[in-house]
Each structure stands twice: as C-alpha cells, then as structure tokens.
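Enquirer: Starting from two chains that each stand alone, build the complex the way the hints lay out.
Chains as they are written, first to last, in the working numbering: chain A, 8 to 267; chain B, 290 to 614.
Just so you know, the hints here were simulated from the structure itself, not pulled from any lab data. Treat each hint with caution, since some may be false.
Simulated crosslink set (SDA-like; lysine to any residue; CA at most 20 angstroms straight-line) [to be verified]:
1) B:Lys571 - A:Val267
2) B:Lys535 - A:Ser154
3) B:Lys571 - A:Gly242
4) A:Lys258 - B:Phe600
5) B:Lys520 - B:Glu489
6) A:Lys243 - B:Asp592
7) B:Lys584 - A:Lys264
8) A:Lys258 - B:Lys553
9) A:Lys116 - A:Arg92
10) A:Lys264 - B:Lys520
11) A:Lys207 - A:Ser197
12) B:Lys535 - B:Ala515
13) B:Lys534 - A:Gly170
14) B:Lys475 - A:Asn161
15) B:Lys422 - A:Arg28
16) A:Lys207 - A:Thr72
Sample of chain B residues facing chain A (criterion: CB under 10 angstroms; computed from the structure) [stated by the list, open to error]:
17) Phe360
18) Glu392
19) Ser398
20) Cys405
21) Ser424
22) Tyr426
23) Thr445
24) Ala485
25) Ser496
26) Gln542
27) Ser546
28) Ile577
29) Tyr593
30) Lys601
Glycine included, each C-beta is placed from N, C-alpha and C at the ideal position.
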Amino acid sequence: MDILVCIKKVPDTADAEVILRSDGKGIEEEDLAFGINEWDNYAVEEAIRLKEKEGGKVAVVTIGTGDDEDILRRCLAMGADDAYRIDSSPFYMDDPYSVAKGLSAFAKKHSFDLIMTGVMAGDMSYAMTGPLTAGMLGIPHTTLVTSIDVKDGNISVTRELEGGLEESVRLELPALLTIQTGINEPRYVSIMGIRKVRSKEIPVLRAEELGLSAEEIGEQGAVLELESLERPPEGKEAEMISGSPDEIAEKILEIVKGVV
Amino acid sequence: MASVYVIAEHRKGELGDVTLENIALAKELGEKYGLAPKAIVLASSARAFAEELADYIPEVLTIEDPSLENFLYEDYAAFLRPAVDMFGPGSIVLCPHTAFGMELMPRLSAETSLPCITDVTELELDGTRLRAKRSIYNGKIVSSVSVDASKGALVTVRTGVYQAPDKLSARGTIEGLGVSAEPVRKKTEFIGYREAPAGEVDITQASFLLSIGRGIKDEENIPRAARLAEKMHAVLSCSRPVVDKKWLGKERQVGTSGRTVKPKVYLAMGISGAFQHIAGVKGAGVFIAVNRDPKAPIFRVADYGVVEDMFKLMDALEEKIGGER
Ligand SMILES: Cc1cc2nc3c(=O)[nH]c(=O)nc-3n(C[C@H](O)[C@H](O)[C@H](O)COP(=O)(O)OP(=O)(O)OC[C@H]3O[C@@H](n4cnc5c(N)ncnc54)[C@H](O)[C@@H]3O)c2cc1C
Ligand SMILES: Nc1ncnc2c1ncn2[C@@H]1O[C@H](COP(=O)(O)O)[C@@H](O)[C@H]1O
Numbered sequence: 008m009d010i011l012v013c014i015k016k017v018p019d020t021a022d023a024e025v026i027l028r029s030d031g032k033g034i035e036e037e038d039l040a041f042g043i044n045e046w047d048n049y050a051v052e053e054a055i056r057l058k059e060k061e062g063g064k065v066a067v068v069t070i071g072t073g074d075d076e077d078i079l080r081r082c083l084a085m086g087a088d089d090a091y092r093i094d095s096s097p098f099y100m101d102d103p104y105s106v107a108k109g110l111s112a113f114a115k116k117h118s119f120d121l122i123m124t125g126v127m128a129g130d131m132s133y134a135m136t137g138p139l140t141a142g143m144l145g146i147p148h149t150t151l152v153t154s155i156d157v158k159d160g161n162i163s164v165t166r167e168l169e170g171g172l173e174e175s176v177r178l179e180l181p182a183l184l185t186i187q188t189g190i191n192e193p194r195y196v197s198i199m200g201i202r203k204v205r206s207k208e209i210p211v212l213r214a215e216e217l218g219l220s221a222e223e224i225g226e227q228g229a230v231l232e233l234e235s236l237e238r239p240p241e242g243k244e245a246e247m248i249s250g251s252p253d254e255i256a257e258k259i260l261e262i263v264k265g266v267v
Numbered sequence: 290m291a292s293v294y295v296i297a298e299h300r301k302g303e304l305g306d307v308t309l310e311n312i313a314l315a316k317e318l319g320e321k322y323g324l325a326p327k328a329i330v331l332a333s334s335a336r337a338f339a340e341e342l343a344d345y346i347p348e349v350l351t352i353e354d355p356s357l358e359n360f361l362y363e364d365y366a367a368f369l370r371p372a373v374d375m376f377g378p379g380s381i382v383l384c385p386h387t388a389f390g391m392e393l394m395p396r397l398s399a400e401t402s403l404p405c406i407t408d409v410t411e412l413e414l415d416g417t418r419l420r421a422k423r424s425i426y427n428g429k430i431v432s433s434v435s436v437d438a439s440k441g442a443l444v445t446v447r448t449g450v451y452q453a454p455d456k457l458s459a460r461g462t463i464e465g466l467g468v469s470a471e472p473v474r475k476k477t478e479f480i481g482y483r484e485a486p487a488g489e490v491d492i493t494q495a496s497f498l499l500s501i502g503r504g505i506k507d508e509e510n511i512p513r514a515a516r517l518a519e520k521m522h523a524v525l526s527c528s529r530p531v532v533d534k535k536w537l538g539k540e541r542q543v544g545t546s547g548r549t550v551k552p553k554v555y556l557a558m559g560i561s562g563a564f565q566h567i568a569g570v571k572g573a574g575v576f577i578a579v580n581r582d583p584k585a586p587i588f589r590v591a592d593y594g595v596v597e598d599m600f601k602l603m604d605a606l607e608e609k610i611g612g613e614r
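With the rest of the complex left out, here is chain B (with noise of 0.2 angstroms):
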C-alpha cells in the first residue's frame, strides 16, 4: 500500500513543531487518498523524537546512525535513496520547506527518479498525478503545478499552513526501517553551529512593535521611524531587506530566519507580508498593517488595514502625538 511519509526535522536534540505540521498534513492526505501515514526520524540516536511523535500517528519509523547526529543532506540522501525504493509506487514523503528541507528533497529527487515540489500549500492526488498550490509573485498569485507521482513524489511543505494534529488516543507503533546507507565518498562536513548574537535590543519581549519594510525605501528614512518608534513608545522592528540593506541591525528582524515575536500592537508599514515575514508575528494582539498597495497580501493577516503612503501616515501621527518634529 502507497503511505505519505513525514521525515522529522530536529536539530539539537529537538524536534521542529514543522513536523508535526506536517503529520497534520499526511493524515489528511492519508484519509482522502487512503495512504498510511507514517514518519521517518533520521537521527543517531531516534527513540526520544520516535516516542514524541507516536503521540500523533500511528506508525513511526526509525533510521539509527552516528552518521545522522547533525543533518547534513549527504548522510541523509545515503539512507534516503535506499529508502524510498522501499516505500512503494505511489508514496509521497513530506518534508518542512525550511533550510532543512530546502536543502535536502531537491537534491534527493535529482538523485532519484522521483519528482518534487517545493514550498507548498495544497495537495491533491489526481490518479497518479499529484497537483499542488503554490504561492507566487510575492503571494499575489497562486499556481497549481503537478507531477507524476506514479513512482512516488517528494514535497517540501510551507511553515503555519496546518495545523498540529490533535494526540491519537492510541500510540502509533516505533519500528527500525531497517535500511542501510550507500556507501558514499563525503565531501561536505558539517562544522558546527553559530549562535546569533545578542543585540541591543529583545524584540521578542516587546509589547508594541512598529515594523518597518522595503517600504522605508532609504537608509535617510530611518530615524524618522525610530523616532516616531520612540514617541509611541514602540520598539522598532523591521522585515529582512532592511537588514540585508544593514540600516538595522539583526536583531530586530522578525521572521523565520529573524525572530518570532508575540506583541500586543504589530503596527507594519512597509511591509509585503511574505510568509517568512509574517511567520515570524505569532499571535500579536492587534495586527495594523499600512501599505499603499491594496492588494499587498499582509491586508490578508492583518486586522486593520490602511491603504496609505507610510510617511503620510507616519507624519500624521507624530504630529498627533506632539511634540517638535
């Protein structure tokens, strides 16, 4: 029988809450579809993360190896190729389209007959055709692509889309895969990790954040919004291009590759609303979102929206709030 496999991403002896977005997803898929559901974990010692994820579904498999300590997609793909002529015509394996997952599935699939797609919000299995939507153009369009999946198919799964599934009332079972890797000459080694450091101020702490973006358009424009910042008793934030451009530094980038933040008051101008942005707004009390562009896919998150020049704006309410300009 064709399954839906999640591999489990984990890093440091911690399994991702992605994955069990994803199980969410598989067990979907396995209803609609009738495939099993079952998760891989790929670590050097697995049992921790198999038991964690036995609490959601029903079958867990393991692959043990010292070489799997830290992922790197050689040791995995050495396991994986091997693995998926095992799983079956048909099966579809998901992973997170994170760093982890961006770098592995297309890598597996250019060294696998089979095909996959990225970054993905929807699945459906059309016969042998497994069609997936995509967001695009800085998420004003959606496109629904497809491929063969008669061989089996690889997915990488967008962040925040599912949901966590709720706990089985019975365990899943944890078994061994009982695959072996293919001998392979490495030529990548994985070094070690890099924490960010700290910076001058905890965005993740803030209870107001006034959130800059591209919009900001020049590094001039920036003491204006942290003045405005100030006498709103805001703490400025801002979205990655602003600190690509280095006009602020790391640690007040929210997103996935920055922080997450919990504020009461997200206030963003600027701003898109790319998922790796808004992913990283989990759970602000009140989303405002200003953006001159009405059809900006942040209006589509937010709670307010304004359709408005920022500096306009950003005039009007220092202006309100007083004080010498």
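Isolated chain A (complex conformation) (with noise of 0.2 angstroms):
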C-alpha cells in the first residue's frame, strides 16, 4: 500500500505573542516557533504504521519553500521513504484551492493508494484541503479519522462526530483521509535520527512540472481570497484578579465558595 502524507510547516501561535504585519496581510513570523502541523503529525505516523503492517511505502509531501523542508526530514527520520517539496513560489498559498491543485497534480503523476491530510492546519484553520483535493482526483473521501483498517483493497475507518459518538464508513481504494489528532501516539524523532536522514535527496517540483500554469496557482487564478488581518475585536472581557499568586488563590476560593 503506497501512502502520501501532506504536511504543513506551520508557527505555533497558542503560547506565542502573535504580531500583525504592518501591511495587514499577515503576522511577524520572526519571533515564532515553526514546526509540523500537529494534525499532520499524526498522519505521517499512522501512515507509517500502516506501511508496517501493510507493506508498501510513504511518501510525504509540502507545498512549501526551502525553509520548510526541515519538517520533510523530520518524516523521513520517522520512517517515511521518499520526500518532495513543491516549490510554493509560483502558489497563492493563502488559497487552500490552489494548494489543493497543486497537490492533486503531484498526486495525479504517482499512483497511491491512499492520501492523508491533517483535519486543519493549525495556522488557518480552513479544513478545507483534503476534502478539495480529494474532489479535484475524483476519489472517495472522509474526514475526522480517528481509525483505520485495511482489508482487501477496501479501507474502513471511523470518522469523529460530535459528543464523543463516532461512525464507521468503507471506503474503496484510492482514498483520501483526513487524519484527526489522537489517532496514535506520534513516535518521538531524535536528533540522531535526523542526522541519519541528512543526506537524503528531496526532490523539489516546479509548478510547470505538474502542468499548472502561474495563472491557475496564483493570485489571478485564487477561488479564495485573503484580504486583510486584524484583531479580534474587543468584546466581553474577564474581570482580571491580579496579585501574588497566595493572594489571587485566597480570591479563587472565595469566588467558588460563593457558588458551588
């Protein structure tokens, strides 16, 4: 079973200051720590345990620059076999329809037998990829695994719903699956393993490589577009309770035996 993982470099905005860019486009990616897309982390691992009870291989692949292939290395040193890089120069990557396209057009030149996105990227948050590129091939499709099992040339999973209740779908191969985020345990990448994987070549592809014209990938060619950024706006805020940490426990716990 040949398995292609997608993956995203993206910057970890949760515990971070995040900077809006002083034309309005996007943020300060300066002070920012990047690093795999947590959802597609999960992907290469599943993807990767499916090769080793299925045989066959994983690739991986981003839509990215140079700076991005990194997160490529850290697959292959989890135990993906091949890496590219599309060069994104060409793409209006805001756009999740041309990275789509680009994405179904590097499929389209290989033969797999499944695809794995993550749900979202943490970054945009669109959930849109997947599900799009999988349209754009023609194959079957579903989103929010949490399970897989292969058996004769079908795949069943179970897809999350909402409340903790699930469903099983088969689906026929070739399919896309968009991987949600506890479907394993990631495996832990050391540096060592990085190292053994340093000399590996990682083929980068233009967009004219995979027949897509600038004007279909760029910023004419974009279904979606970006307009501009700003902050949330000012709503309902909490009543701040400040001072030492001995004296905002004291007020804690006044607050809730006032209540429960």
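Expert: Rendered as structure tokens:
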C-alpha cells in the first residue's frame, strides 16, 4: 500500500504573541517557533504504522519553501521513504484551492493507494484542503478519521462526530482521509535520527512540471482571497484578578465558596 | 430571486440545534440583502424535520430518498449538485462547521463551480463578492476572506456564534424540491455508529470542574492536578490535547468532540480557549481562566481571568487549602 501524506509547516501561536504585519496581510514570523502541523504529525505516524503492517511505501509532500524542508526530513527520520517539496513561490498560499490544485496534480503523477492530510492546518484552520484535493482527483474521502483498518482493497475507518459519537465508514481505494489528532501516539524523533537522513535527497518540483500554470495557482487564479487580517474585536473581557499567587488563590477560593 | 439556503443537519432522527443557528444567520442575510431564506432537508423521511423547521423559516424544501437515511457526502452530493444548479445565481448555501459540514461542503465545492468558505463567524455581501470573517492563528487573529459569489457560494458556519431565532408568527411552507439524484457508482458505505463508552466519571454532572489543558505540559504533572482537584472537591476535566496524549480518559474531555458541561464553577488552567473547547462549556455559573498569556482567547469568554503560571497557582491553592503536599 503506497501512501502519500501532505504536510505543512505552521507557527505555534497558541503560546506566543502574534503581531500583525504592517501590510495587514500576514503576521510577523520572526519570533515564532515553526513545526509540522499537529494534525499532519498524527497523519505521518498513521501512514508509517500502516506501512509497517501492510507493506508499501510512505511519501510525504509539502508545498513550501526551502525553509520547510526540515519538516520533510523529520518525517524521513520517523520512517517515511520519500519526501518531496513543491516549490511554493508561484502559489497563492492563502487559497486552499491553489494548494489543493498543487497536491492533486502531484498525486496524479504517482499512483498512491491512500492519501492523507490533517483535518486542518493550525494556522488558517480552513479544514478544506483534504476534501478539495479528493474532489479534484475524483476519489472518495472521509474527514476526521480516528482509526483505520485495511481489508481487501477496501478501507474501513471511524470518523469522529460530535459529543464522543463516532461512525464507521467503508471506502474504496484509492481514497483520501483527513486525520484527526489522538488517532495514535506519534513516535519521538531524535536528533540522531534526523542526522541519519541528512543526506537523503529531497526532489523539488516546480508547478510547471506538474502541468500547472501561474494563472491557475497564483493570485489571479485564486478562488478564495485573503483580504486583510485584524485583531479580534474587544468583546466581553474577563475581570482580571491580580496579585501574588497567594492572593489570587485566596480570591479564587472565595469565588468558588460563594457558588459551589 | 437569489436565496439563502440552510442545509439541515440531522442524525439518528434528531435535528441539530446548529440548524436553527444557521436559520438565524440566513434570516439576517435575507433582511440585509433581499435574499429569500429557505431550509433544505435531505432525509429518507423528511416530514418531521420539515415540520420542526417550518416554525422558524418561511420556506422548507425537502429531498426524500432512502439513500439519505444516514449521511454520506456521496449521497448528499448526488442530490445537491443538480439542486445548486436550480438555486439561481448569487444564492448562498449554509451548513454548520461540524463533522457534517466539514465533510460535505468543500467536496461539493470541488464538484461544482461554487466556491466555499469554511468556519465563518460573520458574512457580508458586497455586490457579487461574499466576504467572511474567520478566526485564525488559535483565535488570536481575525481574517477577512472573500469569494466571487456571482454563481453562488457554499459556506460552513462556526457553531455557537448565532442564537436560535424566535418562532415565526405564521408557520412556513413545506414543499418537495423535485430534484433527482445524479447517478453515481458509490465508493463509500455507511456502516454504523459507535457510542463512546462510559468512563469512570461523568463530568456533565459535576458542579465544580477543574479543567487542565496543554499548559499542564507533561504527564508527570497530571497527578498533581488530580490531587488539587480532589482537595478542592472538584472533578478533573481537560481539553483535547490532554486526551490525545492519553494522559486522561476521553470521558474527561470538554468540547464539541467531547462532553458538554454546565458546572457551577469552571476553573480552566492552561487552556487557550479554542471554539471547539468553549462550545462544550454551556452555561457555566462562574468561569475562571488561568493562563500565562494575557492575549489568550479564553479571557474573552471567562468571567474572571488570571494571568499567571498555572503551576505557581496550583501550589498556592494547595497551600491555602492546607493538608500535606
Ligand atoms: C473537529 C475538531 C474537534 C475538536 N474538539 C475539541 C474538543 O472537544 N475539546 C477541545 O478541548 N479541543 C477540541 N479540538 C481542538 C481545539 O481546536 C484546540 O486545538 C484545543 O482545544 C487546544 O487545547 P489547549 O487549549 O489545551 O491547548 P493550546 O491551544 O495549545 O493552549 C495551551 C494554553 O496553555 C497556556 N499555557 C502554557 N503553559 C502555561 C503555564 N505554565 N501556565 C499557564 N498557562 C500556560 C498557553 O498560553 C496556551 O494558551 C477540536 C479540534 C477539531 C478540529
Ligand atoms: N502547503 C501545504 N503543503 C502540503 N499539504 C498541505 C499544505 N497546506 C495544507 N496542507 C494539508 O491540508 C491539511 C488541511 O489544511 P487546511 O485546509 O489549510 O486547514 C493540512 O493538515 C495538510 O495535510
């Protein structure tokens, strides 16, 4: 079973200050820590586990810049067999349609039994790229996958619904799955492991080689346009409790005592 | 006339509340831009759902077919592809941004010529340009994105943003849409539902929840949080990453894909306040958030906020309550 996993490098913004760029179309990236999108990490782990069980190969691909190759190498160290980078420079990267065009064109040149993406990328949170790519390829998909079972050319998965409920769905291969966090426990990647794959070649593909023109994937071909970014509006704000941890603890206990 | 359509979400014979939220948005758009608000029910038996919705929206359209018993995007899309052709230029189709909408709408977009915007919190029509606000970068930034809606557009709407509307004084009409499915060779099959197993606690019944998030950092710190919860007579709950890492059982997860809780006190520590988490805290009496990041979105929903290292505060709380550490 040959599996393609689509991965993206994203900044960790949950635990950092996010500063708007002066042009209002992006954020200052300098002081942010970047890494593989959390959902994609689970997808890579799942693909490697499937390979270990069913045989075949795992390839990872990102549409990105040279700076993004470290996440590809990280996946090679985890056990992926091949890594590809599609040069992002002609792509309008804020448009999930442009990204999906790139990924589906890449997938068409190979023959994968299974394609995986994350449910969403933690930066823009579109949660679109997977189903769009599947739609462009004309293969079945399912989203929010929490377990995978392969049997005779079919694949059975559970997908997460709301409130702890799940459903089981069977899909014909080739298919695309978007992977939800918690599906597995991703393996640890050591510095040694990354060193071992240091010399592995990462082919870089240009959009033209995939048959894509700049008009299709550049800003002029964008389906979804990012117009501007802003800070969230001031809404209801919490009443802040300040003081030493001791004083705060006291106040919290007081509040709790008054209610419970 | 262009319309704004709400696709009803239902499962196991029940309509989701999210459908009513989207009806509220549809009516708002209808008034602002002169679009006719309509609901569409796709189901094996649509009547009961349609009756329920007709209390809230002037026009309900139904598509009935045995294949629509359980949701599969393939079956829905087979009806919706020809349906959207009938909707007329400029029509907007709304789904909730849930497991249902996330599966269906981007795919339908790829299979039609209609653009899709996901997880929107606000919508605005500017001529033929449909503009949406979306929350990105962990809720710290709001983006404005737009698509060309001259042929129509598909949208998934964030849950919990709009309130269910009041009932209409005169009930809406119910009518079959009169569309037949495009023939497809099916490649997906619905097998069945799997209920979450009951766990060791029921956090939905707790009156005081101490809830921990990724800020707890390490599995080693879990016992410490558990001990504090016990001393405070609180039940320990958590955000999703803590469950994903298997540090606590799924039954303790608060949020859209976990449990919905309504405690008298919700004390959240090291939780950023993602909407999937907050949507699970319905009507907490008092919501207290502890986070070392003053810009954490959770401070926009909490009643009381504390900008502090959660471990320092946990220590202080333990000390104040007394007993050996
Ligand atoms: C379909 C779907 C369903 C989902 N369902 C759920 C769900 O049911 N429940 C849920 O919770 N999430 C759910 N999520 C995930 C959700 O989007 C967020 O990723 C998640 O809620 C983040 O959890 P968190 O706040 O604990 O972690 P983060 O977002 O990483 O935030 C950690 C916070 O801890 C703070 N912090 C770190 N260290 C300290 C310290 N020492 N002291 C104080 N503060 C500290 C940081 O400033 C940060 O704000 C779902 C996502 C998807 C896509
Ligand atoms: N630039 C990219 N390169 C490769 N895969 C991507 C890229 N952007 C998004 N993806 C994939 O699409 C998923 C969903 O992203 P999104 O639709 O942006 O939320 C991610 O988890 C990745 O698997």
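Enquirer: Which of the numbered hints are not met once you compare them with the structure shown?
Expert: 7
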